[in-house]
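Q: Chain by chain, the residues:
There are 2 protein chains.
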Amino acid sequence: MTIYADSFFLDSDLTDTLQNRIKRQVVEGILSGRFLPGERMPSSRALARHLGVSRITVSFAYNDLVADDYLVAQGRSGYFVSLSAPSGIQFEPPGDPVENTMDWSRLLAHRNGATSRIDRPVDWRAYPYPFVYGQTDPKLFDHQNWRLCALQALGRKEFDSLTSDHYERDDPKLVEYVLRHILSRRGISARPEHVLVTLGAQNALWTSAQLLLTQRRAAAVENPCYPGLREILQQTRCRTHVVEVDDHGLPPDAIPEDTDVLFTTASHQCPTNVTMPIWRRHQLLRRAAELGIVIVEDDYEFELSFRRSPSPSLKSLDDMGRVIYIGSFSKSLFPGLRLGYIVAPSAFIQEARALRTAVLRHPPGLIQRTAAYFLSLGHYDAQINRMRKTYQRRRQVMEQAFSDHGLTPVGEEDHGGSSFWMMAPEHVDTERLASRLQLRGVVIEPGRSFFDPKSAPKHFYRLAYSSIPSARIARGVELISEEIGTYGSAIDA
Amino acid sequence: MTIYADSFFLDSDLTDTLQNRIKRQVVEGILSGRFLPGERMPSSRALARHLGVSRITVSFAYNDLVADDYLVAQGRSGYFVSLSAPSGIQFEPPGDPVENTMDWSRLLAHRNGATSRIDRPVDWRAYPYPFVYGQTDPKLFDHQNWRLCALQALGRKEFDSLTSDHYERDDPKLVEYVLRHILSRRGISARPEHVLVTLGAQNALWTSAQLLLTQRRAAAVENPCYPGLREILQQTRCRTHVVEVDDHGLPPDAIPEDTDVLFTTASHQCPTNVTMPIWRRHQLLRRAAELGIVIVEDDYEFELSFRRSPSPSLKSLDDMGRVIYIGSFSKSLFPGLRLGYIVAPSAFIQEARALRTAVLRHPPGLIQRTAAYFLSLGHYDAQINRMRKTYQRRRQVMEQAFSDHGLTPVGEEDHGGSSFWMMAPEHVDTERLASRLQLRGVVIEPGRSFFDPKSAPKHFYRLAYSSIPSARIARGVELISEEIGTYGSAIDA
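Protein sequence lines, in the order shown, are assigned to chains U and G. Residue 1 is where the first sequence starts when you use the working numbering, and the numbers rise one by one after that. Residue 1 is where the second sequence starts when you use the working numbering, and the numbers rise one by one after that.
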């Protein structure tokens, strides 16, 4: 039997090559049982004509399929579905599933509830004025070298590091780079046994909270703070104290006495961007020692200080082993990478590694090795350099636009980074403002989810410049200013 | 000032190219402050001579470094360290860290304790007779196509799926393939909202246990069972019932009445390889319905049934939405990939996704997309086909060797798979046996860690054939038989 060319169609996946789309058609036809072993495929000429592609494309697809034993070539007779092709299955589109016979609200022992995430449209890249935080700018990311490093990590001689299970150790090349070149810039001396590679900073925060907190212990967090941290603490069922930050970040005297674990973003407070001065850091460490508190330091975005060198990390001032340090490559490489690390005393790292093993074994080897190459070949530092220069330029354009259009960022920021923390007039609800601005092509991030939900003000918002081109900034800021202007002086429209 | 060629040396990393090793030297010199901005680099001729490499290699390295702004080229004067090169830091080898001022045994709220893992030497690949389970055979893995798929996933037009944070959805191409081509083979009809991609089966089991168990609930596990599962259950602090498996797997009548969640490997019991017959599956589902039990089905290794088609999954017989189904690509692709999935009612998947978001956000996009290409282009099926044929051959060789040397696997196995579950004479401690065999180049897996620690017998062991070449099997089995023979009839040597 011959399979006719017109039983083929090209799917609409334009991101893929024609050759792959043809191969996929054949494979799906065989697997779904539409094409049976021994059947003759249409000639490459006929199929090429039918699909409107070149004959060579079809030939290449067929040859690949022969290599994988879906097809066999029989000289001048053409191509046939292989008799030993992967066996056919019948594909039925799924019917209505059974859902409601089980009472999941009772069966689920733990509910994670609604997560408070920062609002942002899924298709934010399509907006002309995306003041969106923490996503990668394709123009700044060194995609080509990343790809080369991945290729190297995928090499045949790296097979073992790519494919094997390694519970006990992380990629030694990655750990070595973190120790020698990253931690040393933060004033931290550490050894391999003090480092655990995690699935991003989120996973590092989660792991630390799991190990240190129970429902009988108390955590203290900055207010405002990173919303993901609040989710994590909810899961541990610990009590949570909320400490208001001031112009110098977290005030040590305000930390309640019964606190067991303190979470801080000392070098660059999230989201206000305030840097804690060195005198206060010493004060904080003294108070933590008095109260016997463990400090978890989330040192995010330190690579992006372009205004002056980053102040040394809290951990570098810690001579008691009290600080659990968390770093990440999400901001400097890209968030989808999911690669971060914890630096802590080895007793802590040992337990963290055991927990990680139970939860997920280890971060994929390919990702670790690719990052190790990217770092050690200097691409990472070159990229940071590029980002710093670009962000510095954009920041100046932002400041100019603020002054032109009468917007004011909150507080002084002497560090750099990638965003401004903004305050609208008190009667402006920035969640509504954000919705209205989206209609005009502007994406801003309302500030409410950063605050303790019990007393969250509504008139703060964040403007990031890591994803918006310089040339769009002025008009974007103008639109925000205009939209705020449409709110009556004291009436929330 | 000129940097002299002899301040360079090539590190001993022979896995890397000469060009990269030269670049790394320069980058490290600049970052560590050994080479300062404005200093002149040795000429490519001088450096090539010093290192004993070709001049063109040095030139290529220099050109790459110029592109990344570590060096600048100044016509005939040569290369200089760029004035805007990433700034120097002083690298001090880490001194002795502070460790003992904090009482971590008190501060750590949760201890994960010693993990019971299957013993196997780290360098097992170097042993001539590795009867090691669940690791990838480089000869069977389609490395070249995996690499091509990764390259495609790393393409510029895939930038967004590679780099962005996606909390809410997994890679749609991957999910579609799992639904259409994998689950349909297991008799399962499901929709995208019923699937969550996880970091391997371990992460899927962990997530299910977290959502379903507390210290007030009871789990039941098969005995023997996968040791990682016991670790996971310890963390939830639930009560754990142990149910002895028989020749048909888990006997439903033996499940204690107060069980809330049952974990089973019905299609292919781990580690005994027994397949639960269809009549018992129905019996199991009836008993679970009577007692209101949720079943977690770990359907590992179903792709490797070569003796007959795999029996349909438990979930395919479940018309009440009672079964949480777990699949993985660890055995069929490779364990270091860390990619698995949960199939469950959407109410469950929603909570599982919220938990995953808090713990780790999402599995890296690159890994998901690479797997999606590998699957959809048919390489996965082709590879499974190859593995089945090879394993079937190896299994025959194993059986012949057992009969030649008087070893007996436990029970009948009509499924296929990649290992035998073995019983030595009762007075043989297989942990000692394993140590002694390692001295003779043979790696076996002692069985004790699979059993409930309270009553673990010592004379079982597992022999896998997924990583040992056929030609080595007979001699390996002979060595095992010889070594067992050296034990006195009733005296444990």
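Bear in mind the hints are in silico, worked out from the structure with no lab data behind them. Be careful, since some hints might not be right.
Which copy is meant is left open, so a pair is good if it fits within one copy or across any two.
To be verified - With a Cα cut of at most 20 Å, we get these calculated SDA-like pairs of lysine to any residue:
#, residue 1, residue 2
1, Lys157, Asp142
2, Lys389, Leu83
3, Lys389, Ser84
4, Lys458, Val66
5, Lys454, Ala218
6, Lys157, Thr15
7, Lys157, Ala474
8, Lys389, His143
9, Lys458, Asp142
10, Lys454, Pro277
11, Lys458, Ala354
12, Lys458, Glu482
13, Lys173, Asp16
14, Lys173, Gln152
15, Lys157, Tyr487
16, Lys173, Thr15
17, Lys139, Ser481
18, Lys458, Gln215
19, Lys157, Trp124
20, Lys458, Ser481
Q: For each hint, tell me whether it holds in the structure or not.
A: Evaluated hints:
In this assembly of identical chains, the alpha carbons of Lys157 and Asp142 lie at most 20 Å apart only when taken from different copies (14 Å versus 25 Å within one copy). For the homomeric pair Lys389 and Leu83, the shortest alpha-carbon distance between copies (14 Å) is at most 20 Å, but the shortest distance inside one copy (61 Å) is not. For a Cα distance limit of 20 Å, the shortest separation of Lys389 from Ser84 across copies, 11 Å, qualifies, whereas the shortest one inside one copy, 58 Å, does not. For the homomeric pair Lys458 and Val66, neither the shortest alpha-carbon distance inside one copy (63 Å) nor that between copies (49 Å) is at most 20 Å.
In this homomeric assembly, Lys454 and Ala218 come within 20 Å of each other (Cα to Cα) only inside a single copy, at 18 Å, whereas the closest approach across copies is 36 Å. Only between protomers do Lys157 and Thr15 lie at most 20 Å apart by alpha-carbon distance; the minimum there is 7 Å, versus 31 Å within a single protomer. In this homomeric assembly, Lys157 and Ala474 never come within 20 Å of each other (Cα to Cα): the closest approach is 51 Å inside a single copy and 29 Å across copies. In the homo-oligomer, the alpha carbons of Lys389 and His143 lie at most 20 Å apart inside one protomer (18 Å), although the nearest pairing across protomers, at 40 Å, exceeds that limit.
For a Cα distance limit of 20 Å, the shortest separation of Lys458 from Asp142 qualifies neither inside one copy, at 38 Å, nor across copies, at 55 Å. Proximity of Lys454 to Pro277 under the C-alpha cut-off of 20 Å is found in neither arrangement, the shortest distances being 29 Å within a copy and 56 Å between copies. In this assembly of identical chains, Lys458 and Ala354 lie within 20 Å of each other by CA distance neither inside one copy nor across copies; the values are 42 Å within and 25 Å between. Within a single copy, Lys458 and Glu482 get their C-alpha atoms as close as 19 Å, which meets the 20 Å cut-off; across copies the closest is 77 Å, which misses it.
Taking the closest pair of Cα atoms, Lys173 and Asp16 come within 20 Å of each other only across two copies (12 Å); inside a single copy the shortest separation is 34 Å, beyond that limit. In this assembly of identical chains, the alpha carbons of Lys173 and Gln152 lie at most 20 Å apart only when taken from the same copy (14 Å versus 25 Å across copies). Taking identical chains as interchangeable, the C-alpha atoms of Lys157 and Tyr487 are never at most 20 Å apart, the minima being 63 Å within one chain and 41 Å between chains. In this assembly of identical chains, the alpha carbons of Lys173 and Thr15 lie at most 20 Å apart only when taken from different copies (12 Å versus 34 Å within one copy).
For a Cα distance limit of 20 Å, the shortest separation of Lys139 from Ser481 qualifies neither inside one copy, at 28 Å, nor across copies, at 63 Å. Taking the closest pair of Cα atoms, Lys458 and Gln215 never come within 20 Å of each other, the shortest separation being 30 Å inside a single copy and 40 Å across copies. Taking identical chains as interchangeable, the C-alpha atoms of Lys157 and Trp124 lie at most 20 Å apart only when they sit on different chains, with a minimum of 17 Å there against 40 Å within one chain. In this homomeric assembly, Lys458 and Ser481 come within 20 Å of each other (Cα to Cα) only inside a single copy, at 17 Å, whereas the closest approach across copies is 75 Å.
Consistency with the previously given hints fails for numbers 4, 7, 9, 10, 11, 15, 17, 18, ordered from lowest to highest.
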